[in-house]
Amino acid sequence: MKKFQKIMSLMLASAMIMTMLAGCSNSNDASNADSAAAETTETAGEETAESTDTTAASSDGAAFKIGAIGPATGGAAVYGIAVQNGADLAIKEINAAGGINGYQIEYNFQDDECDNEKSVNAYNTLKDWGMQMLVGTTTSGCCIAVAAESANDNLFQITPSGSSVDCINGNDNVFQVCFTDPNQGVGAAQYIGTNGVAEKVAVIYDSSDVYSSGIYEKFAQEAANQPFEIVASEAFTADNKTDFSVQLQKAKDAGADLVFLPIYYTEASLILTQANAMGYTPKFFGCDGLDGILNVENFDTALAEGVMLLTPFAADAEDEATKAFVSAYVESYGDTPNQFAADAYDAVYILKAAIEQCGATPDDSVSDLCEKLKAVMPEITVDGLTGEAMSWDTDGAVNKSPKAMEIVNGNYSLIQ
Amino acid sequence: MSFISYLINGISLGSVYAIIALGYTMVYGIAKMLNFAHGDVIMVGGFAVFFAVSMQGLPTFAGMLLAVVLCTVLGIAIEYIAYRPLRQAASSLAVLITAIGVSYFLQNVALLIFGANTKAFTSVVTIPAVKLANEQIIISGETIVTIISCIIIMTALTLFINKTKAGQAMLAVSEDKGAAQLMGINVNRTISLTFAIGSALAAIAGMLLCSAYPSLTPYTGSMPGIKAFVAAVFGGIGSIPGALIGGIVLGVIEILSKAYISSQLSDAIVFLVLIVVLLVKPTGILGKKIQEKV
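So the protein sequences, as listed, match chains A and B. The numbers in the numbering used here rise by one with no breaks, and the one at position 118 of the first sequence is 118. The numbers in the numbering used here rise by one with no breaks, and the one at position 196 of the second sequence is 1196.
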């Protein structure tokens, strides 16, 4: 019996070693096959139309690999899809025009469903893919989570729309295309004050969300210096975001003629519906989070008529760059672009400007590339769709001026 | 004036909780299990109406009927497939975990079919709002319909249980399953019937909930489901009038604490009240203390 056991254990051990070896050789084969496949696609040259997420095009083998992350599904899907398409459009244009410094760009977008954990997973997926720079993430909460990872890896990150200060605070590798939340809050308060939009203001904000509470804090601070008065400030939380009757009733009782909504469009659409049901018709004023409210499925857009929002991009602006962008976007994706699409589009062109300034190549390691880009970011000035002469501080915040919009006849239109 | 508005809103929200809580309480009373998938049946009801009315363009009434039928069938199917085989299992924990599994299953199926985007639900209620006291108080049509439906459902259910044979069978099974079987009651069929009624009520609750707060996602049912479970425990789980009282008290506390204490802390206050009530009266407001005879 003992002999049998010995033989068995020997056999099992050798079998184990065999499988391990087999495993190794298999993976070698696989990687060989992969690179062979890559070579054939590379020689094939032009990208294929059916690949929506990955645009791979390379003429001489080396290419910049740009990743993007955002919610393509879920409550904030409008933003993620806009970022996905905006970046895609910019990259296609750049590739068609010969790339950056002669190198093509490969692009890969991952969905994070606006969930911090999934966003970090998406980041790791992109790193496995070989990402060198990140356009993302789209929403603030996820961006903070991912920025912690990218700062560790020293990977250059430019967020189109992660507007919280915590996205860039302490992370010198992260830059923003959009305003920080405090800037939005201050900007909104100043706009309402200087234009005399209202005298009594109520605020409804999400206290469980960094974006919303960040804007609210600065708005309330700045309001002290402005000729209007905050008569009610009501909060809600992520677990309790369907019933706004109480918050609206309080705003109504306080006599507010303007309700400031520094929140995302999903909840805002509910607030508009419920305010309408209770016969309360103040002016509604929001930040870039309201962008997308007209796309909520089955939402009666008549309710959003007259809603004002501060956002740096208007699809109906008359300048050449915006017109060209809008028509190209509509042609490719069948939808009018919002601010997020424009932010992502700008983000890619900002990357291009920075890479050209420092003369980086795809052969630089992720960390070297990041160091080079960090050094040139405060030096460059970019004219984009979301602002003219955008420039950056070393801490990553952008300098540009905001624009106010109003929803008229079911469309965003710029207030002159 | 605003106090009255808050109170009416609270009663309306509480009525929805009460209708959902009925499903929890009936199933617990008769099958002695917590059906955590109940909240998600609400969501299925909401989506059924949304699918029929907003996507297929059917008349509202047809959509409502479809939702009730679909949820009833779903309730029976869940019980038959997921819970019945486990009823004889040694641990009641097994059924509880299965229920949580069914809950996630339903959420993810909805996610797969309809996607995670929030849908704006078109209200099934067409009654105009009532304006009282010089337009100081506006009661929406949804509020009125919700409160009236809750009263009708409660009355009908009480009559059904006390006056019909099937209802009496339910009572008997809830008191003693073994003895009821010996008396010739088909226990399995009675439990199926309970699930059918509970799920049909969930469909109605789903429509009312989505009409009052018109947003629909695959997770729509989970928070109201938990709150309604709290309401059922609050009123005394297993008791039908208890579910009504628990639901309405819970809704009113939630809205009033939002209005007068803090709009952020309302959930914390609701659960604090639950803890206090259970400390004072562990069986809930109307719960009966059952003495185990040894």
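Check before you lean on any hint, since a few could be wrong.
Claimed, not checked - Distance condition first, Cα-Cα at most 30 Å in a straight line; then the derived DSSO-like pairs of lysine-lysine:
| no. | chain 1 | residue 1 | chain 2 | residue 2 |
| --- | --- | --- | --- | --- |
| 1 | A | K118 | A | K323 |
| 2 | A | K200 | B | K1281 |
| 3 | B | K1177 | B | K1281 |
| 4 | A | K323 | A | K200 |
| 5 | B | K1131 | A | K283 |
| 6 | A | K92 | A | K283 |
It is worth saying that the hints were derived from the structure and are not from the lab.
For the pair we were handed, A:K323 and A:K200, check the Cα-Cα distance against 30 Å. Since the Cα atoms of A:K323 and A:K200 sit roughly 38 Å apart, the hinted pair is violated (cutoff 30 Å).
Between B:K1177 and B:K1281, does the CA-CA distance stay at or below 30 Å? 26 Å, holds
Tell me if the straight-line CA distance from A:K200 to B:K1281 falls inside 30 Å. The hint is violated at about 47 Å.
Verify the proposed pairing of B:K1131 with A:K283, using a straight-line Cα cut of 30 Å. 22 Å, holds
Are the Cα atoms of A:K92 and A:K283 separated by 30 Å or less? Violated, at about 41 Å.
Hint consistency between A:K118 and A:K323 [alpha-carbon to alpha-carbon, up to 30 Å]: Distance ~35 Å between A:K118 and A:K323 Cα, so the pair is violated.
In terms of the numbered hints stated before, the structure departs from hints 1, 2, 4 and 6, listed from lowest to highest.
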